[in-house]
Amino acid sequence: MNRPPHETKVDWAGLKHRTRQITRMPFPISTYTIAPDSRTIVFVTSEPAGIASTPVIYS
699 MNRPPHETKV
709 DWAGLKHRTR
719 QITRMPFPIS
729 TYTIAPDSRT
739 IVFVTSEPAG
749 IASTPVIYS
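Taking my numbering, I'd label the letters of the sequence shown as residues 699 to 757.
Worth double-checking, as some hints may not be accurate.
What the hints assert, rightly or not - Ranges of calculated distance between the beta carbons of each label pair, as one might list FRET restraints:
hint, residue 1, residue 2, range
1, A747, W710, 20 to 30 angstroms
2, P746, I720, 30 to 40 angstroms
3, H715, Y756, 36 to 46 angstroms
4, S751, R716, 30 to 40 angstroms
5, D709, A750, 34 to 44 angstroms
6, L713, P746, 32 to 42 angstroms
7, T738, G712, 32 to 42 angstroms
Hints in this document: simulated from the structure, not taken from any laboratory. Beta carbons are placed, not taken as given, at the ideal position from N, Cα and C, and that holds for glycine.
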């Protein structure tokens, strides 16, 4: 099963009216990507864990 990757398409027209803020975290988002379903954003941030911080993935 050697298929090419699924193309992710973004409909830019009217995007501002279809989006909403997804986080109010005090920690910065380090990276994000759009999932193949074109409806989900997956992002990574760091949260405190004792004396260090640990990366956390949200979708």
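Ascending list of hint numbers which this structure does not respect: Numbers 1, 2, 3 and 7, in rising order.
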